[in-house]
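Residue strings, one per chain:
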Amino acid sequence: MTTIDYIMIVLSALLLVIAFLAVSEKKLIKSVIFLSAVSMLSVVAFVVMKAPDVALTEAVIGSGLVTALFVFTLLSIKKEEAK
Amino acid sequence: MIQYAAILLMMIGLYGLLTNRNVIKIIVSLNILEIGLNIFIISIGFVYDGIAPILTSTNNSSALIFVDPLPQALVLTAIVIGVGTTALGLAFVKNIYSKYNTLEIDEVEEV
Amino acid sequence: MKKLLGFILTIGLGLLIIFALEGNALFDDFGYANLDDRVSSHYITKGSDVDIIFGETVDPESGPANIVTSIVVDYRSFDTLGEVTVLFISALGVSLLLGSAVTQKRLSLDFKPNFMLRVASRALFGIIIMTGVYVTLHGHLTPGGGFPGGTMIASAMLLLYLADDQFRAKIKGFKILEGVAGSLYVVIGLLGLVVGTYFLQNFLPNGTVGDLLSSGIIPIIYILIGLKVGSEISGVIDNFLTEEEKQ
Numbered sequence: 001m002t003t004i005d006y007i008m009i010v011l012s013a014l015l016l017v018i019a020f021l022a023v024s025e026k027k028l029i030k031s032v033i034f035l036s037a038v039s040m041l042s043v044v045a046f047v048v049m050k051a052p053d054v055a056l057t058e059a060v061i062g063s064g065l066v067t068a069l070f071v072f073t074l075l076s077i078k079k080e081e082a083k
Numbered sequence: 001m002i003q004y005a006a007i008l009l010m011m012i013g014l015y016g017l018l019t020n021r022n023v024i025k026i027i028v029s030l031n032i033l034e035i036g037l038n039i040f041i042i043s044i045g046f047v048y049d050g051i052a053p054i055l056t057s058t059n060n061s062s063a064l065i066f067v068d069p070l071p072q073a074l075v076l077t078a079i080v081i082g083v084g085t086t087a088l089g090l091a092f093v094k095n096i097y098s099k100y101n102t103l104e105i106d107e108v109e110e111v
Numbered sequence: 001m002k003k004l005l006g007f008i009l010t011i012g013l014g015l016l017i018i019f020a021l022e023g024n025a026l027f028d029d030f031g032y033a034n035l036d037d038r039v040s041s042h043y044i045t046k047g048s049d050v051d052i053i054f055g056e057t058v059d060p061e062s063g064p065a066n067i068v069t070s071i072v073v074d075y076r077s078f079d080t081l082g083e084v085t086v087l088f089i090s091a092l093g094v095s096l097l098l099g100s101a102v103t104q105k106r107l108s109l110d111f112k113p114n115f116m117l118r119v120a121s122r123a124l125f126g127i128i129i130m131t132g133v134y135v136t137l138h139g140h141l142t143p144g145g146g147f148p149g150g151t152m153i154a155s156a157m158l159l160l161y162l163a164d165d166q167f168r169a170k171i172k173g174f175k176i177l178e179g180v181a182g183s184l185y186v187v188i189g190l191l192g193l194v195v196g197t198y199f200l201q202n203f204l205p206n207g208t209v210g211d212l213l214s215s216g217i218i219p220i221i222y223i224l225i226g227l228k229v230g231s232e233i234s235g236v237i238d239n240f241l242t243e244e245e246k247q
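Residue numbers (my numbering), protein chains in the order written: chain P, 1 to 83; chain G, 1 to 111; chain Y, 1 to 247.
One chain only, chain P, in its complex shape:
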C-alpha cells in the first residue's frame, strides 16, 4: 500500500462521517457548515488524484460562493420570521 492509499483511506472515512452528519442534522446552519467541510475535503481528494484545474475551481466555488448563498438565504428567512 503506497502513501496515496493511506491518505485515501483517511479521507474516505472523514468524508463519509461528515456527509452523514450534514444530512441528518436538525439545525440548518450546522448542516450548511458540514457541507462546506465536505467540499474542502473533496478539494484535498482532487489534489491527491492529480487534478489541479478541478481542485482550484471547486475550492473557489465551494468555500466562497455556495456557503455564502446558503447563509444569505438563512439570514433573510430569520429576518422575515422575526417580523
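In case anyone wonders, no lab produced these hints; they're calculated from the structure.
Every residue, glycine too, gets a C-beta built ideally from N, C-alpha and C.
Every clue listed holds true.
For lysine-lysine, the following BS3-like pairs were computed, each having C-alpha atoms within a straight-line distance of at most 25 Å:
| no. | chain 1 | residue 1 | chain 2 | residue 2 |
| --- | --- | --- | --- | --- |
| 1 | P | Lys79 | Y | Lys112 |
| 2 | Y | Lys170 | G | Lys94 |
| 3 | G | Lys99 | Y | Lys246 |
| 4 | P | Lys79 | Y | Lys246 |
| 5 | P | Lys83 | Y | Lys105 |
| 6 | Y | Lys112 | P | Lys83 |
| 7 | G | Lys99 | P | Lys79 |
| 8 | P | Lys27 | Y | Lys3 |
| 9 | P | Lys78 | G | Lys99 |
| 10 | Y | Lys112 | P | Lys78 |
| 11 | P | Lys79 | P | Lys30 |
| 12 | G | Lys94 | P | Lys83 |
| 13 | P | Lys79 | Y | Lys105 |
| 14 | Y | Lys105 | Y | Lys175 |
| 15 | P | Lys27 | G | Lys94 |
| 16 | P | Lys83 | P | Lys27 |
| 17 | G | Lys94 | P | Lys30 |
| 18 | Y | Lys2 | P | Lys27 |
| 19 | P | Lys26 | G | Lys94 |
| 20 | Y | Lys172 | Y | Lys105 |
| 21 | P | Lys30 | P | Lys83 |
| 22 | Y | Lys170 | Y | Lys105 |
| 23 | P | Lys30 | Y | Lys3 |
| 24 | Y | Lys2 | P | Lys26 |
| 25 | P | Lys83 | G | Lys99 |
| 26 | Y | Lys105 | P | Lys78 |
| 27 | Y | Lys172 | G | Lys94 |
| 28 | P | Lys27 | P | Lys78 |
| 29 | G | Lys99 | P | Lys27 |
| 30 | P | Lys30 | Y | Lys2 |
| 31 | Y | Lys105 | G | Lys99 |
| 32 | G | Lys94 | P | Lys79 |
| 33 | G | Lys94 | P | Lys78 |
Label-pair distances were calculated between CB atoms; the ranges are:
| no. | chain 1 | residue 1 | chain 2 | residue 2 | range |
| --- | --- | --- | --- | --- | --- |
| 34 | Y | Leu190 | P | Val10 | 45 to 55 Å |
| 35 | Y | Leu13 | P | Ser24 | 17 to 27 Å |
| 36 | Y | Val119 | P | Ser24 | 41 to 51 Å |
| 37 | G | Ala78 | Y | Val195 | 31 to 41 Å |
| 38 | Y | Lys3 | G | Ile51 | 39 to 49 Å |
| 39 | P | Val10 | G | Ser57 | 28 to 38 Å |
| 40 | P | Glu80 | G | Ala78 | 29 to 39 Å |
Following the hints, put chains G and Y in place on chain P, whose structure we already have.
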C-alpha cells in the same frame, strides 16, 4: 478505495434527498450527491505514477505518463452547473418562505 | 415508513452499481487506467507522431500547454458554449424571481460592520481582483482559466458587500457586460465558420507551446468567459442581498 467512498457519498446524498422534509436540507443533499459524483468521475482517470496533465518547463515532453485529462474537463463543467442549480434553488426557497411562511414541504398546501 | 423505503432503495441502488462495475472487463481497476485504449491519448500527443516539447514545438494541432484547457476550449468548445448558456439561464431565473421590484435597497439586518472592516477591505479587494485576472489570463499555461478566475472576481465583489452594509454595485453595467461577453463568444464562433471551415475553429496562428501569446483564440475566449462568469455571479449576489423598498 476512494471509488467505494464516492459511491457511498452518492448514496448518502440520495438518501437525504428522498427522506428530508426541509427544503434547505434537500438542496444540501443535492450538493453532496454532486460532490460524490465528481470524485467518482475523476477517480476513473487516475494512474498511479502519472503526473498532472500540464506541460511545464520540468515536465516538458508529451511522452511522459499523464493522468487522464478528459474526466477533468467533464467535471469542470459539472461543478459550474451545480452552482447554477443551487443558486436557482435557493431563490425558489426565498420565495416559498415569503409566500407560505414555512420551509417544510408537507405544510405547503394549494392556495 | 418513508425512511425505511428510502434506505432500502439507496442500498439496493448502491449494491447494483458496485456489482455492475466490479470485475467488469471494460472498467479498469483504480490507478491502472490504460490511456492507449482511450481517446485521451490523441489529446495528449495532439495528433502528431513527434513528441510535443514545452518551449520548442511550433504550431501544433492545438496550442495550450495545459491539456485540460485544450480539451475544454478547443476540442470540445461547443460543450463550453452550452455550459455558458446554462449559467446564463440560472442567473436570469434568479434575477426574475428576486429582483422584480421597481426599487430595491440593501437588506437591513441587526448588526452593523465595523469602520475598520469597511476601510481595510478595499485594500484586499485589489489583491483578489489581481489574482482573478492572473488566473484568467494564464489559463492556457497554468491550472485555472475563465471559470475559477471569474469566480474570484465575484468573490472580491462579495467581500465588498459583506464589509459594508450600504454598498451596492452598479448592476446595470454588469448586466450589459455579461450580455456583450456572451454574445462575443458566439460571434467568434461564427467568425470561425466564415474564415475557416467549421463553427468555433481556431483561426489565429498557434505559436510556440508555452508562450504567453500562443494558442490562437483560446486566451480571448477565456477572457470573455471570465468577464461573463464574474459579472453574472456578482449579479446573483446582489439579488440575494437586496429587498424591495417599501415607500
